[in-house]
Amino acid sequence: MMSKLSLGGKASASKLSSWVEPAFGELFPGRRGPRSGGDSGDKPAKRRRVKSSAPNPESGSPSRRQAPRGEPDEPWVERYAPRSQAELAVHKKKVEEVETWLTTHLDTKASFKGGTVLLLTGPSGCGKTATVQVLAKELDCRVQEWCNPNLPEYRTDDSFRQMFDPDSRFNGFQSTSQTGAFQDFLLRANKYNHLQMKGDSQASDRKVILVEDFPNQFYRQPGCLHDILRSFARTGRCPLVFIVSDSQSGDRGSRLLFPKDVQDELAISNISFNPVAPTSMMKLLSRIVTMEAGTSGGRVSIPDKSVLEQLCSGSSGDVRSAINSLQFSSLNDLSLDKSLWTLKKGKIPAPSRKGFMKAKGKSKSSQNTDMLGDSQAIGGKDASLFLFRALGKILYCKRETFEAAEAPRLPAHLSEHQRDKLLLDPELVVERSHMSGELFSLYLQQNYTDFFSDVDDIARASEYLSDADFLTAEWSSRTTMLEYGTSVATRGLIHSNSARAKADSQSSVGFRPLHKPHWLLVSKKHKENCHAAQSLFISFCLNPVSLQTELLPYLAKLSNPMRNPAQIAFIQDVAHLPLNIFSGSRLRLEALTDKDPGLIDTDSENEETLQSEATAENEGLSTEPGPASSPDAGVDLPMSQPQPTTTEALLEEEDLLIEEYESD
Amino acid sequence: MSLWVDKYRPTSLGKLDYHREQANQLKNLVQCGDFPHLLVYGPSGAGKKTRIVCLLRELYGAGVEKLRIEHQSITAPSKKKIEIDTIASNYHLEVNPSDAGNSDRVVIQELIKTVAQSQQIQSSTQREFKVVLLTEVDRLTKDAQHALRRTMEKYMSTCRLILCCNSTSKVIAPIRSRCLAVRVPLPSVEEVCSVLANVCKKEGLQLPPELARQIAEKSGRNLRKALLMCEACRVQQYPFSGEQEIPETDWEVYLKETANAIVSQQSPQRLLEVRARLYELLTHCIPPEIIIKGLVTELLSNCDGHLKAEVAQMAAFYEHRLQLGNKAIYHLEAFVAKFMAIYKKFMEDGLDNFMF
Chain Y
1 MMSKLSLGGK ASASKLSSWV EPAFGELFPG RRGPRSGGDS GDKPAKRRRV
51 KSSAPNPESG SPSRRQAPRG EPDEPWVERY APRSQAELAV HKKKVEEVET
101 WLTTHLDTKA SFKGGTVLLL TGPSGCGKTA TVQVLAKELD CRVQEWCNPN
151 LPEYRTDDSF RQMFDPDSRF NGFQSTSQTG AFQDFLLRAN KYNHLQMKGD
201 SQASDRKVIL VEDFPNQFYR QPGCLHDILR SFARTGRCPL VFIVSDSQSG
251 DRGSRLLFPK DVQDELAISN ISFNPVAPTS MMKLLSRIVT MEAGTSGGRV
301 SIPDKSVLEQ LCSGSSGDVR SAINSLQFSS LNDLSLDKSL WTLKKGKIPA
351 PSRKGFMKAK GKSKSSQNTD MLGDSQAIGG KDASLFLFRA LGKILYCKRE
401 TFEAAEAPRL PAHLSEHQRD KLLLDPELVV ERSHMSGELF SLYLQQNYTD
451 FFSDVDDIAR ASEYLSDADF LTAEWSSRTT MLEYGTSVAT RGLIHSNSAR
501 AKADSQSSVG FRPLHKPHWL LVSKKHKENC HAAQSLFISF CLNPVSLQTE
551 LLPYLAKLSN PMRNPAQIAF IQDVAHLPLN IFSGSRLRLE ALTDKDPGLI
601 DTDSENEETL QSEATAENEG LSTEPGPASS PDAGVDLPMS QPQPTTTEAL
651 LEEEDLLIEE YESD
Chain Z
1 MSLWVDKYRP TSLGKLDYHR EQANQLKNLV QCGDFPHLLV YGPSGAGKKT
51 RIVCLLRELY GAGVEKLRIE HQSITAPSKK KIEIDTIASN YHLEVNPSDA
101 GNSDRVVIQE LIKTVAQSQQ IQSSTQREFK VVLLTEVDRL TKDAQHALRR
151 TMEKYMSTCR LILCCNSTSK VIAPIRSRCL AVRVPLPSVE EVCSVLANVC
201 KKEGLQLPPE LARQIAEKSG RNLRKALLMC EACRVQQYPF SGEQEIPETD
251 WEVYLKETAN AIVSQQSPQR LLEVRARLYE LLTHCIPPEI IIKGLVTELL
301 SNCDGHLKAE VAQMAAFYEH RLQLGNKAIY HLEAFVAKFM AIYKKFMEDG
351 LDNFMF
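Taken in order, these protein sequences are the chains called Y and Z. UniProt numbering puts the first sequence at residues 1 to 664. UniProt numbering puts the second sequence at residues 1 to 356.
One or more hints might be untrue.
[Unchecked claim] Cβ pair distances, simulated, as ranges: (1) Y:484 - Z:300: 33 to 41 Å; (2) Z:149 - Y:499: 51 to 59 Å; (3) Y:484 - Z:347: 48 to 56 Å; (4) Y:480 - Z:190: 50 to 58 Å.
Because the hints were derived from the structure by calculation, they are not lab data. Everything numeric in this text was worked out from a predicted model, so none of it was measured. Glycine included, every Cβ here is placed at the ideal spot set by N, Cα and C.
Whole structure, please, built from the sequences with the hints as guidance.
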C-alpha cells in the first residue's frame with residue numbers, strides 16, 4: 001500500500017523514507033546482515049499507511065525532480081514514481097479515459113447533481129493509483145484518501161483500566177466502527193474544504209476522494225457500502241474514486257463490493273486497467289536502469305537486456321513488482337546475485353521461445369534452463385492467463401517447424417498423425433487459466449467447432465471430449481482423473497485438428513469470437529424443468545420419463561381444462577418446441593469478452609502506437625489475429641475477464657450434490 | 001374432465017382388458033389375503049401400474065383410491081434434508097425413491113421404517129400389513145438396492161413391497177430372488193385396437209378400425225401413448241377419418257428435423273446447429289437417452305446395409321457413456337459428429353462407385 005501511494009507521486013517521499021522501512025534496506029551491507037532474498041515478493045514495502053496523506057503536490061515535486069539523491073536505500077519504486085502523464089506506463093487511452101472522467105466531473109459545481117463515483121479495477125501494479133495521482137496533480141486538484149484507521153480493539157490491561165477508570169471522567173470509552181469512521185470521513189471530506197495554508201499559492205478547492213482500502217465490514221456486508229454510497233450520491237460534491245485490485249484467483253473484490261445493479265443504480269463509471277504491456281514495461285525498466293547507472297557510480301550493476309526481458313515477463317504486467325525485482329537484481333555487491341543469475345547467462349532468449357514450451361527431444365537441456373529461468377525471475381509473479389487467451393492457445397494451437405535434421409518421422413501408415421512441434425504445454429495453459437479442468441473443457445467444447453473445417457477431424461475431437469468426460473465419470477476417482485481428463489481433452493483437441501498440423505498452415509481460420517458454455521445453463525434448466533414437471537403433475541402418478549415424453553407433450557395438444565394456471569404456463573413453456581427448422585435457439589450466445597467494448601479495437605490500436613518500439617517478434621505476434629500469441633510476448637493482454645461467477649456457482653452446485661453422497 | 005387415460009383406467013382385476021390369465025393369477029394370489037413382495041416389470045405403457053392398483057383394490061377395497069399427496073422431508077444421518085413427494089392412501093404408500101438422487105438409500109430406509117413401524121389399528125377389518133409401492137426401482141443406486149434387501153426382510157411382518165420397474169437388468173439379484181417377479185408385456189396391436197374402440201364407444205365416438213390400427217402401430221403398442229394419441233386425434237379432427245394424420249408430439253417432430261439436418265449436411269457448422277437443437281430438447285425435459293434413441297431410429301432409416309450396423313454399434317457405445325458420464329452433451333455431440341463423419345464417407349464412396 002505504501003508503495004502504491006508513493007508510486008502515485010506522493011510528495012512525501014522524503015518524509016516517509018525516514019519512518020517507513022525500505023524494502024531493500026536490509027539487503028545493503030552495513031545496515032543489517034543480508035537476509036535470504038525471499039522477502040522481495042510482491043509487497044515491497046511494509047503495509048503501513050499514512051493517515052490522510054494529502055499534502056499538496058506542488059511543494060513536493062521540485063525536490064523530487066532533482067533525481068536520485070544520495071539515499072541509497074530509497075526504493076526505486078518511489079524514486080522513479082511517475083510524475084507526468086508521459087511517464088505513466090499505462091496505456092494512453094486508459095489515461096485519457098480517466099482524465100476525461102475527472103475533468104468532466106470535477107467541474108460540476110455549476111450544475112450540482114450529487115456525487116459521482118468512479119471505479120478503477122485492474123490487476124495489482126498496473127498503475128491505477130499512479131494514474132489517479134498523476135492526473136490529479138495535472139488537473140490541479142487535491143487527492144484526499146481514506147485509509148483504514150487502527151481502531152483500538154485489543155487493549156492491554158493497563159490501558160483498559162485507564163479507560164474505565166472511574167476517577168478520570170474525561171477518558172471516555174470511545175470507539176467507532178470502521179464503517180462509522182468511513183462514513184464520517186466521506187462526510188467531512190465532502191463538506192469541508194482544505195485549510196488554506198501559507199505555502200499553498202493558488203490552492204484550488206477542487207478535490208478527489210480516493211478510497212483504496214475498504215473497511216473489512218464491507219466485504220462481509222456489501223450492503224453497508226451501498227447505503228453509504230447512495231447517500232453520497234445524493235449529497236456528494238466532489239468525485240469519489242474507488243480503486244479495487246482484482247486478482248484472478250478467487251478474490252472478486254470488485255464484483256462483491258460493486259455488483260452490476262449497484263453500479264447501474266448509482267451510475268458508477270467503471271474503468272478497468274490492463275496489465276502493463278511488456279513493451280512499455282521494457283521502456284520503463286531501461287529508463288530506470290540508465291538513470292541509475294548514470295548516478296550511482298558503479299555501485300549498481302546494469303543488468304543486460306536479457307535480464308530485463310526476464311523481469312518483464314516474470315512480472316506479468318505488474319510495474320511495481322518489476323521495479324522492485326530490478327532493484328534487487330542490480331545490486332552488484334550481493335554474492336547471492338551472481339549465483340542467481342548465472343543460470344540465465346548461458347542462454348539467449350530466442351524470441352520464439354520466450355513463452356513456456358514443452359521440453360522434449362534433443363533440445364531438452366536448453367529448454368530446461370528456459371523453464372527454470374522463467375520461474376526464477378526474482379519477485380516474479382506466477383504467470384497467469386486470461387481465459388480468453390488460454391482458450392485461444394488451445395484452439396489456435398500454434399506449432400513450430402522442426403529443425404530439418406532432427407525431425408522425427410512417423411512410419412508411413414501413421415503419417416496422418418504427423419504433427420509439428422507444439423509451441424505450448426496444454427496442461428500449463430489450463431493451470432494458468434485458474435480454472436478447473438472440467439469447466440475449461442466445457443469452454444473448449446462450446447468453442448471448438450469454429451476452428452475445425454473437416455468433419456472427420458471434428459468427430460475425432462468430439463470423441464476426445466467424450467473420453468475426457470468419461471474419465472471423470474467415476475465419483476470416487478474423480479479428483480485424480482480430473483487432470484488426466486483435461487489433458488485428454490486439450491491434447492486430443494489439438495491433435496485432431498489436422499488442418500493445423502503444420503507450423504505454416506495456421507492462417508486458415510481468422511479471428512473467431514469465443515463464447516461462454518451453454519451446458520451449465522442447459523443442464524440446470526433441464527433439472528429445474530424436470531423437477532417442476534414432477535411436482536406440478538404428481539397427481540398423474542407417472543414416472544418422470546413417461547411424464548415428460550408422453551403425457552406433457554400430448555397435454556399440450558389437448559385442450560384439457562382441468563389444469564391450474566401454473567400447469568398451463570408450464571406446458572406452454574416446456575412442452576412446445578419451436579418447430580420451423582433452424583429457428584434461432586433460445587440460447588443467446590454470450591460472447592466471451594470483457595465489458596470493455598474495444599477488445600479488438602485496442603488490440604489494433606496498440607499495434608499502431610507501439611509499432612515504433614515493437615520488436616520484430618512482437619509485431620509478428622500481434623498481427624496474428626486473435627489471442628494465439630505466446631503469453632508474455634503479446635503486446636496487450638486483452639481484457640477478457642472470464643467472469644466465472646455464475647458458471648462457477650453452478651458448477652459448485654453440481655459438485656455439492658456429489659459431495660453429499662454418503663457411501664456408508 | 002380428466003384424460004381418457006385416467007378416466008377409463010380399469011379399477012379391478014376383473015375388468016382388465018388384456019392379459020386376462022395373468023389377472024386371474026394375481027387374483028388368486030391375493031385371494032388368501034396375503035402375498036409375497038412383488039417385482040412388477042415390463043415396458044412403459046403396458047399397464048403395470050394399473051395392475052398394481054387393481055391388486056391393491058382387491059386387497060383393501062375402495063379405500064385405496066382415496067389418494068393424498070404428501071410432502072415428506074427426511075433428515076439423513078449427515079443432517080441433510082431430503083424432500084420427497086409421496087402419494088399415499090390409508091393402506092399404501094407410493095414413492096419414487098430415485099427422485100432423491102444420491103440419497104435414495106436414506107429415503108428407502110426411513111420411509112419404509114416409518115410405514116412398517118406404525119401398526120394398523122383395526123386389524124380385524126383390515127390387513128395386518130401396509131403396502132409400499134416403489135417405482136423406478138431400476139434407477140436406484142446400488143447402495144439403495146442393498147439397503148432395500150435388508151429392509152425387505154426386516155419388516156416382512158408389517159409391510160409388503162411392490163417394486164415397479166421397466167427392466168430387471170438393473171435390479172440386483174438378491175432383490176430379484178426375494179420377490180415374485182411379474183412381467184407385464186405390452187398389449188398386442190389387436191388388444192390396443194380393442195381398448196381404443198371400447199374407449200371411443202364409451203365416449204360416444206366413431207373410431208374407424210384403420211385409424212385405430214394406425215394409432216396402435218404408431219404408438220409402439222404403448223397403451224398410454226395410444227390413448228393420448230387417440231384423444232389428440234379427437235381434438236384435431238372429428239369425425240375421424242381412416243387416413244387421418246396422427247398428431248405427433250412436438251419433440252418427436254423436432255427430433256426428426258434434427259436428424260434430417262444431420263443427414264442433409266455434414267459440416268462443423270451444422271454440428272453447431274445440431275448442438276443448439278440438442279440443448280433445446282434438453283431444456284424441454286427430454287432425457288438424453290431418449291434423444292439419442294430417437295436420433296438413432298431416425299438416422300438408421302437413412303442408412304443401408306453395413307452402415308446400419310456400424311451406426312447402431314456406435315450409438316450403443318455412446319449411450320453407454322451417456323449413462324456413465326457426467327455431461328450428456330459431450331456424448332450426444334460425439335455421436336452426432338461420428339455419424340456425420342461415417343455418413344459423409346459413405347456418401348462419398350457411393351458417389352465414387354457411381355461415377356466409375
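Evaluated hints:
Against the hinted window of 33 to 41 Å, the Cβ-Cβ separation of residue 484 of chain Y and residue 300 of chain Z comes to about 34 Å, which satisfies the hint. At roughly 56 Å, the beta-carbon separation of residue 149 of chain Z and residue 499 of chain Y lies within the given 51 to 59 Å, and the hint holds. The hinted range of 48 to 56 Å is not satisfied by residue 484 of chain Y and residue 347 of chain Z, whose Cβ atoms lie roughly 36 Å apart. A hinted range of 50 to 58 Å for the beta carbons of residue 480 of chain Y and residue 190 of chain Z is consistent with their spacing of about 57 Å.
The structure does not agree with numbered hint 3 stated previously, though it agrees with all others.
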